[in-house]
Every structure is written in C-alpha cells, then in structure tokens.
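Asker: Each chain, letter by letter, is given below.
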Amino acid sequence: MSEATAATVKEAYVAPRPAPALSRLLMSGNDAVSRAVWEAGVRVAAGYPGTPATEMLEVISTYPNIYAEWSVNEKVSLEVAFGAAMAGSRSFCAMKHVGMNVASDALMTMTLTGVAGGLVIAIADDVGLSSSQNEQDSRYWGRFAHVPVLEPADSQEAYAFTLAAFELSERFQVPVILRLTTRICHVKCLVTVGERAEKPVAGFTKDVSRWVMVPGAAGRRLPLMFERENALRAEAEVSSLNFVEPGSDKRVGFITSGPAYMHVRESFPNAPILKLGLSCPVPFKRVRDFAAQCDQMVVVEEVEPLIETEVKAQGIAVLGKDILPRSGELSPTVLKPAIAKLLGEPVAEASKSLPMQVFPRPPTMCAACPHLGVYYTLAQLRNVTISGDIGCYTLGFGQPWNALDACISMGASMGMALGLDKGRAESEQDKKIVAVIGDSTFMHMGMQGLLDIVYNRGNVTVMILDNRAVGMTGGQNNPGNGRGIHGEETPRVDFATLVKALGVREERVHVVDPYELPTLFKTLRQETKIAEPSVIITNQPCVLVDDYRARKPFKVIEDKCTGCGNCVDVGCPAIHVTRRDKVVRGSGKEVDRSFVRIESSACTGCGLCVQPCAPDAIVHVDTLSMPIHVVKGS
Amino acid sequence: MSDITNILVVGTGGQGVMTATEILAEAAIAFGHDVKKTEVAGMAQRGGVVSSHLRFGPKVLSPQITPGTADVLLGFEAAEGMRWRHMLRPNGLALMNTGRLVPPVVDIGLFEYPEDPVASVRAAGTRVFSFDATAIAKELGEARLGNTVMLGAISDYLPFSAEVLELCILKRFAKKKPEVIELNRQAFAAGRAAAALAAQAETA
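Taken in order, these protein sequences are the chains called A and B.
Just so you know, we're using our numbering here: the first sequence kicks off at 6 and counts up by one.
Just so you know, we're using our numbering here: the second sequence kicks off at 2 and counts up by one.
No lab work stands behind these hints, which were simulated from the structure alone.
C-beta atoms are modelled at their ideal positions from N, C-alpha and C, and glycine is treated no differently.
Selected chain B positions facing chain A (Cβ under 7 angstroms, derived; list incomplete):
1) K37
2) T39
3) E40
4) G49
5) L62
6) P64
7) M83
8) R86
9) V103
10) V107
11) D108
Next comes chain A alone, as it looks inside the complex (with noise of 0.2 angstroms):
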C-alpha cells in the first residue's frame, strides 16, 4: 500500500517574494483575505478545502514566514486556530459554511474564553449553491456565540476588513467572523495592498479559570461575554466599518451589508444608504438616525433576514424579505422591480429577450475517472440502497449510473448506511446496504461512523474511494497521499490498516484496483451478501492529480461497433454516440443501438470500456498517427 508515488514532492518550500507595498493588484476576494493574513502578522492558519473557501488556504500557503496547512476537518483546523492564539499568536482558520457545522462546538466554548492573540474565522456562504448541498447564513453564529461579524462587499474590503478584524479580536479578546460569499471570494477586483507587520507574540500565559472550561469557570465567564457583546454593540455604533450615504430620492433608505450594497448602490444610484460592514452586534442607534433620514427602511441582505428581524424587534418599522425573495443570490435584476412596485412605479422591462431552449450540461466525471468503474459495477448490482457522501462520486446519482440514493453531509454515508441496516422493513431482510465514500471525506468525518457501523455489528459493505486527493476541490493534498500543503512528505495514512484497527476484520477488508471490472465485481458481489461489516477500498488516483499517469489512448473501430451500447453505459465522458437506431430481433423483441466513436484526445487509456465491449471494437490508437498532445507537467 506504500509505493512510492512520490514524483513531485517538494523538499523544503520556498515562498516567492510577495508583490510589494502599494501594488495594485487584480485579486479574488480570497486572494485579498489572505494577503491580508499575512499582513496582519498571522503565524497559524489552517482550513480544510471546501468551495467557495478553499483558495484561502491555498495562496496564504504560498507567502512567507506563515505556518498554513490544511486540516483534515474544519473542527480541527479551528482548534489550531485557537491553540495558536491562546499562545499569542494571530491566527486565521477559513471553511465554507457546511464546515462551520462542524466546527461550531468549538466555537461556542472558545466565545467564553476568548483569545489572547487575534483569531479570525472566515465563513464563506455559498449563496445561490453552485456548489454545496444546501445554503446558509452564516451570519447567525454571529448571534448565536455572541461574537462580531465583518462583512465585506468586494476584494478591497475583503483586504481592509481583514485587517480590521485582526484589530478588533485583539481589542475585544474576541474570535472575530469574517463572513464572506462566492460573490466576494470568486470576483476579481483591484486591491492596493500594503506590507507585513510582525506582531510580537507574548505566549501562553496558564489560567485555568479562563482556559479550562468546566461549568463553574464557564459560568463565571458568561456575564463577561455578554458584556462584550454590549461594548461591540457600542463600538458597532461608531465604527467607521458602518457609514451611511446620504442620497437625493428619499424614498427608500436601505440598510445593507455584504456584496448586497454593490447591488443597492447600482441599481439606485441616488437613494440614502446604511451600509454595515460590522453588522453584528446591529448598531440601533445609527438605523434610528438613518430612519429619520428617508420616508420608508429596506433591508437587503443576503441571504436570512437577521438584520431586519432585530431592527424590526426594536419597534422600527423596516421592510426586507416582505418584498424579496427568500433565498439565492440578489442583484439588480432582482432588486430593480421588487422596489418599483414598492413605489407603485411601472416595472421596467429590462430584458424581454428570454433564454433559448438548450439541454442541461450537469458536472460529469472525467474520462478515466476510477469512480467510473465503481458506479459501473454498483449500477449492476441488484436489490441495494447505496448511502452516498460529499465529492465528485456524489454525480454518482446521476445518469447512466443512477448507483447512488442519499446525500447530506460530509460523512454521513456511514451513519445513514447503518441507520437503513438498522431500520429496514420486514420487506426488505436481503436489501444490501453499501455506503459509499471518498479518501478525504473518510478522514474529515467518515471514520467515526465506521467505528459506529463495526461497534454495532452493521450489515454494510463500505467503499472508501481513494483517489489520493480532495478531487472535488481542485485535488488538494491530504493525509492519505501522504503529501503536506506545499507538496512536501508528511506520514501518509494506510486505509487497510486504519479500517483493521477500527475492528472490521482482515477477511472483510480488500484492496481493489477499480479499472478491473471483474475484480471489483466479484468483491463487491460477495462482500454485500456476507452480513457483517466489510470494507472496500479502490486504489486508483484522481486523472487531475500528478500521481495520475495517462495510458495509450483507445478507438473504436466502426466497422466492428454492433452499437451494442455497453461501453455507454460506463458514463465516460469521451465515448460519445455516433448514430442511433433500433432493430428487430429474431425472437421479434425490439432493441436499441447506439454506435459509438471515441474522442481520442481526450482518452487516457483507462480500458474501462474495453472490458464491457462485446464485439472486441475498441483497441489502441496508432499512436503514431496522433497529433502530438503535450500531457499536464511537460
């Protein structure tokens, strides 16, 4: 299990020289958090990938004099975070809002403590869900652990508020969120930057009234945290992070706060605005004086209404998601009618020109992805309920597979597995349980369930897809290739020793190259009718890592193709149909073929669809008569 893949590690990692001072520099909102990290004199930060987050953790680890790696759960990577500034230092920890579930148990214990060097938690929503199982705001741990909330609007504010947010927890002794979302961590825009400042850093001072959380010091500590709470409010009110635009048409002020004021600001170029960078505590007194400043209040904010709740419960009459939608994105289009017919004015017809019909192109694995041979062989399997998990293996779901029937949360394969073991009807004795789960997931929060599923004599056959990367998310190193976050050798995690060690036993457990079908098959086959634990793991890395070595490309032969359709069902996405008929039978039944070519620039040479082709079709390119194809690396 521990061959040498090694190809590409880096030895001792070299930062470049950061851009200089007073650069102006066309940056993604992540690019500009993290030039601010490392301004801020940030010695620890840590992350686990997650969009829209994950290049957070990516660029910090390219600057120097910065200790960053990737965690293997955002729980963890916060408790880093906190470690770090209970020793002093400034600490950073990033995650999408999924992660925050995670990592809120220590959030709600750290917000009694504090910090002594300055921690700041950067959240980034997915409003709109391009890429996550479901949207939050992340703005309610705000209220919920009693900490302040920085939200910025573009890049330049991602940089400056950083900056500012480092101030404050300092200040405060306070772990300080920065929220921010896909529109502020994926826009580009100019950024002046400036230079590093190296903060002393004092050390761990023992207190264990204050470190060690048991209920009479935690109890001790609550009035402190509410006092806080108190003097950031005070602060919210004066803060220069919150200002307000006087504007011409006073009939709608708008209270707003994130990359929503960009919005505001567009579509309503003369109207008073509010705008709130430190939005939580909310600063009464200023939404008091701005009322007086304009006929009627409208929050926009993305994406709960929290700010318009809590100004509404101090008797202000504001108006917010009565007129806005619930959920998703905002933006001129949104806002523009919604606020016409507030004012009873005529809705402009901005565009009438509707979208043309065209079919969907959902994400799809890559051509030679191992996870094509998995779903391959679970798509045969009969009589199964396939308990599924965060990666690109959840697209499993999807067609020509349809081998994958529950999504959640990262890790949930193994519980809900077990909960459908546990729960099954008296119909359904022999349905087969399978869960389903990649390397990183596993180790992020899959491997509690496993211990769960053998500890209570589960009847699931788990698969742990290991393809040596967090593949989802661009590939990131992980403790299972045994790769550190500059590319450097850290101890990597053998699977078949760890699920042993867990107690599924060494008969139970199989190691499987997922290209050969007939292997993969036969265990899978087996294992799902043996009613105890077992645990599959494929071995194959993901085709966009370096570990990934490109074979000889196939092609088809035409001549040879009885459109038999077999090789389309494996859902790779270079063997593309051709021509499509149907024929009758001898035996009169009716049958659909689909005659097939293959683009062979883009084949790796997997052989996946080799084995299914009846009628021997499919063979290697001449690689001769090849154009030259420059593979990744050279």
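Given chain A, work out where chain B should sit, using these hints.
Answerer: The following block gives chain B in isolation, referenced to the frame of chain A:
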C-alpha cells in the same frame, strides 16, 4: 451605465474560459479601467457550464452583468453561445465558436444537441460572427490554443487596441519556450482573421 462595458465569456469547464476572461480584465486594467470579473462555475472542472462576466469602465459596482445588457458574447462552444444569447443587449455582438462539445446527457439520448446553434441565434435577431476556433487550434497542433484563438477573435471588438490584448496573452507565457509564445501569437492572429472574415461574410 453606458460608460461600463460588459463582456460575457461562456463555454464549458476545462476550455479556459476563466483564464481568457482574466486576460481580458488585465488588458482593461492596462487601459486604466476599473474592473470586476465574476464567474458562475458550479463544479466547472467536471465539464459543466461556465459563464464568466467581465465589467469595466470608470467605476464598476455590481460584478454581475444584467440580462439584456452584455455588449459582446464570446462563446467558446456552439450550444453555450446559444444558451447565453439572452444576456446580450439589442445590437450586441455574438462571437461564436462553431466547435461542439457534446455532453453525456446528449450521448445517452436524453436530450438533443441543437441542429444549428449559430442559425438559431441569428434567427433570434442577434448579429453573429461565427468560425471554427476548435479546428483552428487543432490545425496549429494543440487544442488548448482554443482560448487564444477566441481572444484573437474578440480583439477587434473591444474599446481598446488588439495589440495590448495580445501583449497581455504573451506576457502569460513569458517564461515558457519560445515555440509556445510563437504558437500563441499565431493562434491570436488566426482568431482575429477568422472573426474579420466572418464579419465580412455577415455584412456581405
């Protein structure tokens, strides 16, 4: 808002749409414009739909282009050009690659690929300059030159000079082999010529 230029670049994951838009942004910055660039790219690496918005001018606020206000639509794939036509303003220009990328949902027979995306866009009343950028890139020996071909195609329909855009592209390859730079130079010129030829055909 007429002092803001809106460029929409569309295609599928892996075609280099986001990189091309970034280069356009760099060129706009070189001319002193304020710039915002944003994508809708859900899981784009997996062959899904990618649309990249570029807005530039004296001061840009919202990063998203409002439907019906794009000045130029640069379509890296035929059906994707069609998918986003409604984003163009009246009299906007669509520059469309006729090259096709057929997704698995079409291959397995669940959906049809449109018969002639360029004709459909034209029939909807849009001015289209179309050319086979995929074939041009392949002729130069490297499919990945497609995005440079597309940038060449748009270079004469921007409020700044084509030469600066070309410099911004070549700057990216400054550390690469001279052959790579030369190939990109050729790809840019070929794209520019293809769009000019298509423009002549359209007005003839």
